[in-house]
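Colleague: These protein sequence lines are chains A and B, in that order.
Note that my numbering has the first sequence beginning at 1, numbered continuously upward.
Note that my numbering has the second sequence beginning at 1, numbered continuously upward.
Among these hints, one or two may not hold up.
What the hints assert, rightly or not - Computed list of lysine-lysine pairs in DSSO-like fashion (alpha-carbon distance at most 27 Å, straight line):
no., chain 1, residue 1, chain 2, residue 2
1, A, Lys64, A, Lys46
2, B, Lys30, A, Lys80
3, A, Lys155, A, Lys130
4, B, Lys30, A, Lys46
5, A, Lys80, B, Lys195
6, A, Lys155, A, Lys132
7, A, Lys64, A, Lys80
8, B, Lys195, A, Lys155
9, A, Lys155, A, Lys80
As the list claims (entries may be wrong) - Partial chain A-side listing against chain B, Cβ under 10 Å, derived:
no., residue
10, Arg68
11, His72
12, Lys130
13, Ile197
14, Leu199
15, Ile200
What the hints assert, rightly or not - Here are a few chain B residues that face chain A, going by a calculated C-beta distance under 8 Å:
no., residue
16, Leu35
17, Ala36
18, Gln38
No wet-lab data here; the hints were simulated from the structure.
Each residue gets a CB set at the ideal place from its N, CA and C atoms; glycine is no exception.
If you want the building blocks of each chain, they are given just below.
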Amino acid sequence: MLEFNNVHKRYAESGEILSGVSFQQARGEMIFLTGHSGAGKSTLLKLIPVMERVSRGQILFEGKPVSRISRHQIPLLRRKLGLIFQDYRLLQDRTIFENVALPLMIAGYSPLDTGRRARAALDKVGLLRKEKRYPLSLSGGEQQRVGIARAIVHKPPMIIADEPTGNLDPELSIEIMNLFKEFNRVGVTILVASHDISLIRHFGCRILQLHQGHLLTES
Amino acid sequence: MPKRTVRRNARRKSAPFAGSVLPGFPWLEKWRDQLALQYSLLSSSAARLWQSPLASTMTVLVIAVAIALPASFHVLLKNIRVTSSHLKASYQVSVFLKPDISNEVGSRLADKLRQQPLIQETRFVTREEGLRELQGYSGFGDALSSLNFNPLPGVIGLTPTASVSTTEALENLTHSLEKLPEVDFVQIDTQWVRKLSAVLAIAERGIWGFSILLAMGVVFSVGNTIRLELENRHEEIVVVQLLGATDGFIRRPFLYSGFWYAIGGGASAWFLVNGLVLLLKAPARELAELYGSPFTLSFLSLEESAFIIGISVLLGVSASYAVVAYQLRKLEPE
């Protein structure tokens with residue numbers, strides 16, 4: 001599903017953030033990516049939806065190199081991914097429903113389909129009754145669940161989450177991670193970055209550890 | 001909140017028509033969905049303009065003034081041109097006869113000239129009539145009567161037909177008249193008409209140049225407004241890009257904003273220009289009546305109105321397109 005081959009990422013200002021990262025993720029596998037802050041977790045995740053370009057090396061997604069795709073192909077690649085962020089990145093001036101429906105509108109679903117699928121996604125994260133609320137009126141845990149609903153609404157084959165529980169207390173964090181585990185059980189490939197090792201140990205998934213841009217031995 | 005309507009529709013239709021609403025016509029459904037999407041974008045962009053009424057009004061007014069200025073000059077020029085063509089049609093040509101030509105010969109010549117196809121009317125003024133007229137009109141009465149002879153030649157006043165409309169045709173006629181043995185010289189007052197049309201030609205070019213400058217003003221003004229709007233919605237753009245939005249999807253609401261500004265500006269310009277004409281119509285008619293002319297100011301024609309709105313929309317939408325394209329380039333990944 002996903003393959004990193006000797007991937008380097010270097011910035012002019014801050015030097016080399018990732019050096020020679022290589023790993024493979026099978027279809028339907030759930031992987032945690034961990035490491036101290038500044039170890040390069042976010043950078044690694046940003047390379048997959050081409051929010052940043054690789055400096056050297058190669059990334060294959062579904063067997064195709066994403067490192068060299070043109071600007072016009074990027075949107076189509078991103079529609080195959082569900083992205084989840086630490087700060088949720090919800091649009092504050094739109095309702096919960098509208099936020100979740102956004103990927104469907106972008107992909108050109110009919111209004112009928114959009115309504116049905118968005119409600120199904122909201123139902124899955126337990127927020128169907130709050131569809132008319134605005135993000136700011138929701139708690140942090142609820143906002144992240146909206147973010148997750150938005151990431152899965154178009155049924156992408158892969159979910160990428162960057163510190164999804166970074167702003168949440170331990171109890172809510174477990175709840176969110178359990179949600180991921182549930183999606184994984186129905187076959188979604190999941191890559192989650194988290195610095196909270198004690199949390200992710202519970203889930204029995206493969207853990208990749210980044211240290212100063214290098215991938216340490218897998219545990 | 002356009003998506004709310006979409007949602008309502010979805011709910012209303014969902015039960016009985018689940019799945020294909022129009023079986024066998026998938027393209028029709030696609031079109032309907034597209035139409036619904038475009039409509040929701042159009043109305044949501046209009047709603048967004050309403051949210052900042054002052055800024056939107058300013059932009060619309062800048063466009064209105066920038067378009068109304070050259071448009072009103074154009075209307076003014078058009079009206080002057082119509083007037084001056086009236087003047088051309090009513091030329092008088094004065095044919096001065098040689099001093100030794102008698103009144104009978106002059107009168108016969110006048111009758112002969114009237115038979116010619118290019119000449120509509122002639123009027124022979126005898127030497128004596130000429131002298132009497134001159135004594136009556138000018139203050140030379142005493143001076144003239146102290147002369148013991150009549151210094152004036154006979155004159156044939158001549159009106160060409162409407163077919164002699166160009167200066168060239170008029171000059172051809174003059175030359176042929178001058179070749180007649182009885183004729184001393186021919187006078188037409190074309191000089192000022194020529195000067196006027198030269199001035200009008202310059203003014204017309206000037207208006208074009210001026211229009212191009214003001215069109216650039218429209219482009220910059222819409223462009224700047226759209227740029228501010230883009231900056232305000234920067235976060236939203238980044239998010240929808242991450243969700244897989246194409247440039248076209250992101251561009252569309254801004255193109256619609258540009259469209260609304262331009263439509264508003266073009267329509268306001270139309271009202272400004274026609275308002276100006278309305279304001280000037282009555283005094284212009286009075287003035288024309290003093291000169292015995294049937295001239296009245298005319299409003300913008302249908303074609304001119306369509307041109308004003310069309311050019312305004314073209315400028316507004318292309319300015320938006322350019323600004324969004326430029327800003328999206330800046331958001332590209334490194």
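Colleague: Return the numbers of the hints above that this structure violates; sort them in rising order.
Modeller: 4, 5, 8, 10, 12, 13, 14, 15, 16 and 18
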